[in-house]
Structure formats: C-alpha cells, structure tokens
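Undergrad: Here's the letter readout for the chains.
2 protein chains.
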Amino acid sequence: MDESPQPHRVVIVGGGFGGLQVAQRLRRAPVALTLVDRRNFHLFQPLLYQVATGALSPGEIASPLRGVLKRHRNATVVMGDVTGIDLEGRTIAVSQAGERRAEISYDTLVVAAGAGHSYFGNDHWAAHAPGLKSLEDALELRRRVLSAFEAAEIEPDPEIQRALLTFVVVGAGPTGVELAGQISEIARDTVKRDFRHIDPTTASIILVEGADRVLTAFPPSLSAKAERQLRTLGVTVRTELFVVDVDAEGVTLKAAGGDAQERLASRTIVWAAGVAASPLAAQLAEATGAPLDRAGRVTVEPDLSLPGRPEVFVLGDMVRVSDGEGGQIPLPGVAPAAMQQGRHAAKVIRARLAGGEPPKPFRYVDKGNLATIGRMKAVGEIKGLRLSGTIAWLGWLFIHLFYLTGLQNRFLVFVRWTVSFLTRGRGARLITGGDDDPGRLSGEAPPTG
Amino acid sequence: MDESPQPHRVVIVGGGFGGLQVAQRLRRAPVALTLVDRRNFHLFQPLLYQVATGALSPGEIASPLRGVLKRHRNATVVMGDVTGIDLEGRTIAVSQAGERRAEISYDTLVVAAGAGHSYFGNDHWAAHAPGLKSLEDALELRRRVLSAFEAAEIEPDPEIQRALLTFVVVGAGPTGVELAGQISEIARDTVKRDFRHIDPTTASIILVEGADRVLTAFPPSLSAKAERQLRTLGVTVRTELFVVDVDAEGVTLKAAGGDAQERLASRTIVWAAGVAASPLAAQLAEATGAPLDRAGRVTVEPDLSLPGRPEVFVLGDMVRVSDGEGGQIPLPGVAPAAMQQGRHAAKVIRARLAGGEPPKPFRYVDKGNLATIGRMKAVGEIKGLRLSGTIAWLGWLFIHLFYLTGLQNRFLVFVRWTVSFLTRGRGARLITGGDDDPGRLSGEAPPTG
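Protein chains in written order, with this note's numbering: chain P, 4 to 452; chain C, 4 to 452.
Extracted from the complex, chain P is given alone in its bound form:
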C-alpha cells in the first residue's frame, strides 16, 4: 500500500450503523481508512432488548468489526476510546484502558459516536434504574429481571415480595414499549410454571410515560392500538407522569401539570426515557461554535459537515442536520437514519476525491417505522400505510432478520425465534455477573492439608 503517494486518510469514530456504513461505502475509494471504536464489535442495537429479556445471546446480535471489515483492504480497525479531537492539527487521540496510546492523523474525519442514556441531571438514579445501550446494560437488566423472580420465590415478607414482582419501565418509546411487553411475556408465559411459591402471572408491569400516549413518534391511532396490545399482554400503561425520584425500593412519580406525587414500590426499574449524545458532540460544538441542543446534539450543515470544518463529518444520534434555511431536518434516532447519513457522508467524500460536483444536500427518506410489542403484536407505518397486529409483527421480524449483520447471526436468531415461538421459552435466560459474583462456586477455598 505504501509504494504510491500517501492516500487520503479517512478516520471514522464509531462502528455503529452510521460509521460502519461510511466504511463500507468507501471500500473501493482511494483512501486509507481507519475505524476507531471502544468495542471490538458492531452491535445490532434494535435487538438489544431481546438480550435483556433472555430471548437472544449477546454473540447473536454483535459482529466483530475486524471480521466485518476483513476483506476491506483499505481499512484498519483500532479499538480504543477517542479522548480528544484536534481540529487544527487534524489528529485524534486514542486511549486503551485509560492510557493514551496513539494519535491518528486524518485528512477527513467522520464522527459517529452515537448516544447514551440521560437521567436529566440525576445520574444517581442510574444505579437503581439502568438503561439499555450496551451489551453490558442488557446483561445487567436480564440479571435484575430474572433475579427478582428468584428473590420473590423465597421472600417471606408479602410486601417485599409484591415489590419484587413489580417492574417499572420509564419511557414509552419503542425501547420502553418493547421491554414492558417482553417482561410481561416472561412473567405470563416463559416462567409461568417455573416457580412453586409465587405465581409469576400476578406480576405487575407498569409502563410510565410523560407524554399523553405511548410511541409518540407514531400517529395517535397507532399509539392507541399499541396501548391496547400492551394491556392485552398485562402491561399497565400510565401516561402523563414524570419521575421525580428513584431509589432502591421504588420510584416516585408526579402527575403532569400537578403537584400530586405517587409512590410505586418496585425492586426492578428500567430507564428507557432519556437520550444524550456522545460528549464528543459538545466538544465539537465548543471548538466550532456550532449550536448544541438540550440532548447534547451538535447541528451540522446540510452536507453533514461541521460548520467551518468541511473535512469533518458528524452524523447519527449525536447530530441535528440543518436544512440550510435556519431549521432542522426532522430525524428520528433510528438505525436507518444513521445509515442514510453514513451513505451520504461517503458520497460527499467520494465526490470530493473524484473532483466532481458535490451531491445534493442530505435528505432523510422515511421508509417506515415499526415497533414490536409482543408475540404477534406490533404496530407500524410504512409509506403512509398503517399496520398493526400479526402483519406488522411479521414485517418487523423479517426486516430485523434481513438487516442483522452476518449470515450466521441471522440464522442463529432465526432458530432462537422459531423455538421461542413454538415453546414460549427463552433459551438465554441466564443470570450472570452481578456484585456478589455467583460464578465463584467454590474457587475461593484454599485446599486443606
């Protein structure tokens, strides 16, 4: 690779849907590409909640990045944290295990570092109400949900037992709806006959939402359908309620527009409410004066470049895209939006390298929106067509299998889904990790004699 004049160096931060798409679309471009990610794998986030609820195993929704880019001769993968971006010097600093390890120079930079969850300034809630963004989050959630049933089974105090069998999901966007539906299915189907002292089907699953309906990204008629489907599954939907406190024993709620507070005793609370962009967005906004919104997203130009820095593209869940007329293009925080932005950035980069016309400004093509709720239950809107029930559910299954990275994963997930559908079981409902490390069956005992 070194005999020709040094090729144009493209550095991509983040191997999510947006970043990976850039790398794949530059496969045959005359560039030296470096993809930097904290993890060594691409995560198929739309199915993360299925790991959290024991339907799938982590390896089935994650693909090693080096494997994905193995045949890309122009691509290098670096695993590490991006700790700083020097826009003047055109380098990024990368660290591993907390130590600064490398500086990487770029000619073009693509930042696609995504978003995490936000507790709206109440970060101490995180310990009691974990969110769902990483595989570790999913395994922790799985541990909590399944452990609650185990603890309830041997709990003598009926009040604590009730709190153990009460599950609160905060936030009724797609993730919250999916989680509430799945937890209810665990209680009412999967573990229905598994216990001797408790009846899991009496568990309360409460979905709390600040707005006046679930799935606010959908039309109201579909929200109403989704709510009916949730109720059929045994989920209690509570709208127009805001969280004012979370602790180890429950959550305190306040009615929207009122002062009345309410306390829900629950030992398992899940946070699916707030999203905050990667802190890199704030760094880039500060360095360039670009606007930053309440969710920490930086506003980029219609071609996805950073204002005043045409060589830097920012995309995915960490940006808002200017429409060039003082407003923003409405963009949902979903995988197709990030992928379309990734493809657009790659197109702009290729056009520049070829010396051709710049492509038209980025435009989001909404191909539709699907949210699954449970077994044969889903709602969706595809090109204006509103769907619900089995047909929406089948569409959801098909689309997610189709987009899942890797043929092997597609096949494994298909097998798991088929078996789960037929048996109402969940093959991956393992309780692992946790503070008391139950893995150490007996390893600590020094041998005697």
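Simulated from the structure, these hints should not be mistaken for lab results. Just so we're clear, the structure is a prediction, and the values are computed from it rather than from any experiment. Heads up, a few of these hints could be off.
The list makes no distinction among identical chains, and a pair is therefore deemed to hold if it is satisfied within one copy or across any two copies.
Here are the simulated lysine to any residue pairs, SDA-like style, with alpha carbons at most 20 Å apart [claimed, not checked]:
| id | residue 1 | residue 2 |
| --- | --- | --- |
| 1 | 73 | 427 |
| 2 | 73 | 196 |
| 3 | 73 | 195 |
| 4 | 73 | 199 |
| 5 | 73 | 198 |
| 6 | 73 | 426 |
On the provided structure of chain P, position chain C as indicated by the hints.
TA: Okay, now just chain C, sitting in the frame of chain P:
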C-alpha cells in the same frame, strides 16, 4: 401436593452434572425434591473453553435449571448460596445476594457442589492468571485474550508488544491443552488477517506443565501424540516446570528438581493447574470426621453417603469414594464420573424408599477419555482403543453435541461449529465487561442547556 402425608424431602445442592442427574433420576420417585444452586442455569462445562475463545456464546452452553426441571412435578428450584449445613437439625441455610433468606429441611441431602480452581495458597495470582470454571471466567478470559491483540496493534514499544503477544497457559490437563490449542488457532487462523501493524501468527503460546508430559490422565503414547499435535498448531510445550510467581507482567518458573528460575514476559496468563473442592466438603468432613485430601475432597462411603450420615450423599468433584477396603476408587474429575455418581445416589434413595435391597457399591465405568486440541486434532482412548487425529476429533464433536443439554443449544452449537469449520472464524469473539466498562459509549455526559 399437600393432601397426602408429607412426602420424603430430598434436597440437592448443586445443579451440575451430578446434582441434575439425581433430580432427573428421581423424577417419578415419591419425593418432594428441592434443587439449590447459586446460578439459575446448568452449565455444560466441557465446552466452557469454547466460550473463552470466542467460538460459542454463553447462552449456547447453559440451560436454565427451571426450564430443565419444568416438567418435573416433584421438583422445586431455589436459586441461592448454601451457607451452612446443619446435619443434626437436617436443614440447610440458603442466602441470596449475601443475605440469609431461607432454611430448607431435608430427609435426604445430596451435596454436589463441585470444585473451583486453586492457586495452592497463592490467591493473589488470581488477578493476573484467571482460571476457567464459570461463564464469568470464560468471558473474562475471552476479554483478556482478544484485548491483548488489540493492545499489541497500537503498542509502540516492541518489548511490551512481544509480551502482549505471548500467552502462557499453566497446566496441561484437558482444559489447559484445549485452551492453548484454541488460543493458537485464534492467532494463526481467526485473526490472521485482522490487523495491520502486528502479525498475529507470530504470537507465542506457551503451555507450562509440572509433570513430564501433557494430559497425564492418558497413556504416555497419547500424551506424546497430543504434544506433537500441539506443536503443529504452534504451541510451545514446556514440561517439568513449576510456577513460583505470577504478576501483571509475566510468570516466573522453576525447573522441577532444580533451583534455576526462568522468567516469561506475558500479559495474558491462564490458570488451568489446580482444582479445589467446594468448601462444603471441608465443612462436612469437619462435622463427621471423614478424611479430607489435599484438594479439599471429602472421602465418602462406597454407597456415596457421608460416614455416619447415611441420609447425606456427597458426590462429584468434591469427593473421593472409598472402595470399602481402606483405599479409594480412582475417579477422574470429568462429567461422566459425576453423572454416574448422581445416578447411583438416586438408585440408593429409590431403593430405600421402596424398602428394597440396597444396590451394589458404586463402581465407575470408564467409557473412555477424549481431549481435543484443535481443528481435526484430538486424542482419545475408548475401551482400550487409542485414537488420535481426525477420527478422535469427530468422536469428540459428536459426543459433546450429544450430551449438550437442550435440543436448541445442540442445534445452535452445531451451526456455530459448522460455520467456524468452513470459515475458520469465531462468531462470538466479543470483548465485553472489564474494569473500564467500554459499554458506556457516552452515557455519562449530562445534556447541556
């Protein structure tokens, strides 16, 4: 279940190969059975090393105990730690998350709590040289092995880079041999083309053993064959060497019968050397005066009961079995031995309940021994027939698939193995967990404004 006179209460501690076998063989017996385990799943330990090396996902070798015993109407599962056994009062104390939660009374007790790893009194080595007994161990090992390549890729100091590409496995029993072979295959096959700055095929994999040959449980001719196969895979086999120290940067060795010390610089050390029985064995030995050996195993009667306590059976990796003539029955620490003991204990319990003749003393039927080394490489001995190479490897694959719990897992593992064989890939080579929690992509940043 409560209208008839209270049935005979059998409590089983441990849902491994031995304990689960007891439960399954008592399915139709007139007993009320309680199975207590720290984990909510049965782990297929013989394939644990494949999780550690990214070939399989955790969920594929674990089966939820409640699922396994779902159709056993006489069985209750309790998840918890057994913190004490009161032989006089015939109760066991169970705790969850460090808190005492329940006391369970028994008429017959079966203790099958297995073994952990032992550092021979050097427990501070554990941090630098983890062993392989639990799923958490396997994921930690996987993280360390894969992270070493990632760190080497961006390490400027050639000496540290070499230490990062040096992997030391201590102990050449089946687990050590399997791990060394697999790590070598990762370096030489799986990630061969994955990096740009290092050549993974130059990695050193060193297998250290105190005895004069690998796989001492096999005849010397098979040990020699295994050693040749390991060398073909690129593993350096070093025998007659003992570990005198382990730290973050390497391991210090001493020649057997000499004083010469040697230092191996390595950032990834795996402990596959010592095994120690569950501490419950020592408690039971102390309470009854039964002998305890150096590995912490208690000696039980020829019918597997505890001396002087015919209502308590102890079995699996935590016991030695008396031959009734002052000696012990030779028993390898493998799944078939534990399963045969479990079946025997169940038979004794059933005979007592039926008031029939006690069965003959326990006898171990050695059906053979197989150890896999790598792709189409294995050694084995089945009823005196010595096998090696492809035929032993196929036998190993078939037997492990056959005994794996759950049809779904069998099928998923079959798919993974087929794909790995065809592509030399490892679909589950994810780096997860770890101290610096790389899962938090950006969740910590509070939104601005």
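Undergrad: Pop the pair residue 73 and residue 196 into one bin, within, between, both or neither, using alpha-carbon distances up to 20 Å.
TA: between (46 Å within a copy, 7 Å between copies)
Undergrad: Is it within, between, both or neither when you check residue 73 against residue 199 at 20 Å Cα-Cα?
TA: Between copies, since 11 Å is at most 20 Å while 51 Å is not.
Undergrad: Is the C-alpha distance from residue 73 to residue 198 at most 20 Å within one copy, between copies, in both cases, or in neither?
TA: between (47 Å within a copy, 9 Å between copies)
Undergrad: Check residue 73 against residue 195 for me: Cα-Cα at most 20 Å, and say if that holds within a copy, between copies, both or neither.
TA: For residue 73 and residue 195, only the inter-copy Cα distance (10 Å) is at most 20 Å; the intra-copy one is 45 Å.
Undergrad: Should residue 73 paired with residue 427 be assigned to within, between, both, or neither, using CA atoms and 20 Å as the limit?
TA: between (38 Å within a copy, 13 Å between copies)
Undergrad: Go through the copies and call it for residue 73 and residue 426: within, between, both or neither, with a Cα cutoff of 20 Å.
TA: For residue 73 and residue 426, only the inter-copy Cα distance (12 Å) is at most 20 Å; the intra-copy one is 38 Å.
Taken one by one, the earlier hints all hold for this structure without exception.
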